[in-house]
Amino acid sequence: MLDNIKLSFQSIFAHKMRSILTMLGVIIGIAAIITIVSMIEGQKESLKSEIIGTGNNSVTVMFQSDSAGDMMSGEYIGDVHEDPPPDVLLPVSQERLQEAADIDAVKNVALFYQNYAEVFHLNNYLDAEIYATDERYLRSFPINILEGRKITSLEYDKGHQVAIINEEMRDSLFPEDGMALNKVIEVNAVPFRVVGVYVDQKNKEESMWMMDEGEGKMLIPKAAWSHLGSFNDLPQALVQAKRSDDIEKAGQAVADVLNQEIPAESTWHYSIPNVDEIVGEIEKVNRSYTLLLGGIASISLLVGGIGVMNIMLVSVTERTREIGIKKALGAKKGAILAQFLTEAAVLTSIGGVIGILLGIGGAKAISHFATMPFAIPITAIMVSVLFSMVIGIVFGLLPSMKAAKMKPIDALRYE
Amino acid sequence: MIQLKKIYKSYKQGKQQVPILHNIELTIEQGEFVSIMGPSGSGKSTIMNVMGCLDTPTSGEYTLEGMDMLKGKNNDLATIRNRYIGFVFQSFHLLPRSSALENVELPLIYAKVDKKERKERAMEALEKVGLADRLHFRPTQLSGGQKQRVAIARAIVNNPKFVLADEPTGALDSKSSEQVMEIFTKLNQEGVTVVLVTHEQEIAVYTNRTIFLRDGRILKDERRAVHA
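So the sequence lines, in the order shown, correspond to chains P and F. Residues in the first sequence are numbered consecutively from 1, following this note's numbering. Residues in the second sequence are numbered consecutively from 1, following this note's numbering.
For reference, chain P alone in the conformation it holds in the complex (with noise of 0.2 angstroms):
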């Protein structure tokens, strides 16, 4: 086997010119091939973390019913009154808090409650985000104070009314002269004195999905959120993975701690948005894409590999004199036949190698041009190598059986 691939090699050398455009075929198919999963990997990639992270490796667990999984279909958004109420909203214990604080993979869990509300001062008003956290949720996303103080631990435990603001609440609710501090504002008919002005340490890179550029949003301690009533109160908990690959799994084990504390028959549970079917959606638009690329690549890979079998065939009646030899010498049918196929899966697995290189060429290009992400899944790499030694093997079969089928004396006698 060794002795047929170094022939293959010294055969293919020996014909530069000739191997290298057999190969184009392959070369193109593979190249493309790679590309384009590539790119399609890459936006999957790249909604996924969109989706799940918020760029420090963390991920909302939600209370929601169980049949609320698929935020894509509006259901959750829209119609998330019309679910049946959770038949079971127990707070959570900080022993819980603790165990899932405790798990491996997870850097920081935090409690928090999160919902839009207008906000009030005087005459104006503006739609804002509010987040009723503690310190512990601010050690995942960090804020720096621009005027004024944090709130304190005391305010957190003690659930004072008071907030901090980001700029954009600020400039809308005091547009004169911008003097918040101390003021009280009003959500919901609760009131809260304006503690200090935050800005968020790292703005979230710009994201399609989170359109939160410019909103105004503001911190309350956790336990003040009871004040407010007739509020959304199901709990979120926030969990921050100590590697990003670790995201899903550290989200799904803190859901499975909180989980534990609630009845076997609610049908309300902690759970982690369902990302790969959210992105199952995006894919089955993808899909038709993909068809189409697919398609001419695989066409480009057919023609290549009749391109081998043409080469194939020359190289096989130009080297009839050389099986006559060998089969003089006591070559079997299987050993001429093992040697022209490996010469064929050779010639195309050097062409899916510099196939594949091409494509992630192509892709780096492609991503970097049009400013696309792309990421480079294994699995195509390996196929792809695979695939184009089948097709060296499939083509070259027919070559290779007229080698092995000579008679030795007219292959000897072959001028």
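Hint data in this document are derived by calculation from the structure and do not stem from the laboratory. Be careful, since some hints might not be right.
Pairs of lysine to aspartate or glutamate residues, derived as DMTMM-like cross-links and limited to a Cα-Cα distance of at most 25 angstroms, are as follows [as the list claims (entries may be wrong)]:
hint: 1; chain 1: P; residue 1: Lys333; chain 2: F; residue 2: Asp55
hint: 2; chain 1: P; residue 1: Lys405; chain 2: F; residue 2: Asp221
hint: 3; chain 1: P; residue 1: Lys333; chain 2: F; residue 2: Asp76
hint: 4; chain 1: P; residue 1: Lys407; chain 2: F; residue 2: Asp68
hint: 5; chain 1: P; residue 1: Lys183; chain 2: P; residue 2: Glu215
Assemble chain F onto chain P, guided by the hints.
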């Protein structure tokens, strides 16, 4: 022992069957040194090819070492060629891109001899034909006589009982021819049966039996005392 009985062979040429061998009866004992002579077209090469299992006759019987050669499948014949028969051709038939050593190793590869032993035996065979210093030369770097000696080394490397040579000196000058014939003589003295096809009388005198062919028939079968 080689035994040919009623060997008949014809080629199709257009719509006609052209006979090339007529009822050849021939027995060659172990250890003989035989030359087959005749004008071109007399069928001498065809006999050799039949004996070497490279070609099959249209009808007749052929046994080699008691084995019926005409019932063998292709792969059996390949094994027999590999184990019992060494070939030497007029135009050498060496693989052009392989070194002398690699060429000589070839039959051992098909005999599934392991790499180390393969190399040792190939070197030994090349030494025997006086080419120990040309192991890594390619055929293009060798003279005609040297090429033919590489081919002989290749023929004998698997210790065959029979060496069949088709005009082995046809493409060589007289000095190289002499060297080649001396090697054949020595081989024969070691007990190898050597059969060679030639049309040169000077070559035939090395052998102790000469078979004359004409138009596919054995004209004369002549034995003589061993050449001194």
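The hints, checked one at a time:
Simply put, P/Lys333 and F/Asp55 have alpha-carbon atoms about 16 angstroms apart, close enough for the 25 angstroms limit, and the pair holds. The suggested pairing of P/Lys405 with F/Asp221 is violated, with an alpha-carbon distance near 37 angstroms, which exceeds 25 angstroms. For a cut-off of 25 angstroms, the pair hint linking P/Lys333 to F/Asp76 stands: about 10 angstroms separates their Cα positions. Distance hint between P/Lys407 and F/Asp68 is fulfilled; the C-alpha atoms sit about 19 angstroms from each other, no more than 25 angstroms.
Between the alpha carbons of P/Lys183 and P/Glu215 the distance comes to roughly 20 angstroms, so the proposed pair stays at or under 25 angstroms and holds.
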